[in-house]
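Colleague: Sequence:
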Amino acid sequence: MVNTEETRKDAAPARRRLDARERERQIIEGAVEFFARRGLDAQMRELAAELGIAHTLLYHYFPTKRQLIERVYEETIAGRWDPKWEALLDDSSIGVEDKLHAFYREYLPAILTPSGCARWCTRACPTA
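Under the numbering used here, residues 1 to 128 are what the sequence shown spells out, in order.
Don't take each hint at face value.
[Stated by the list, open to error] Estimated spans, in silico, between C-beta atoms of each pair:
#1 A42 to R17: 48 to 56 angstroms
#2 L108 to E70: 21 to 29 angstroms
#3 Q67 to L112: 19 to 27 angstroms
#4 H60 to Y104: 48 to 56 angstroms
Calculated from the structure, these hints are not laboratory results. Backbone N, C-alpha and C define an ideal beta-carbon position, used for all residues, glycine too.
All chains should be built: construct the whole structure from the sequences, respecting the hints.
Modeller: Written as structure tokens, this is what we have:
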């Protein structure tokens, strides 16, 4: 006779089912890290495996790899764009050198977050 108490203890813990927003967030955050490490040529099945989800679930949220990459871009670059930077860059009363210095003083801290820098450096200099 099987002791059900022992069987329950030995079984893997039940996973919590994520709601749609949480699952999408999990996929996007995982994809940012995954593509930073592996490059954009990496396979969607590999991403799904790293996330611990079925590749069919990944395709349910992002029917094409291109859609996922576009969403990663929105999250990491476009979503951090500040419209005032366009006004600064279009301002003809400021010299080009001063304009670029002012722009990059604000732009770089917004884009190059500590985790973003680490991911870029790891990808750009894999032996460093």
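Colleague: Broken hints, numbered, in rising order?
Modeller: 1, 4
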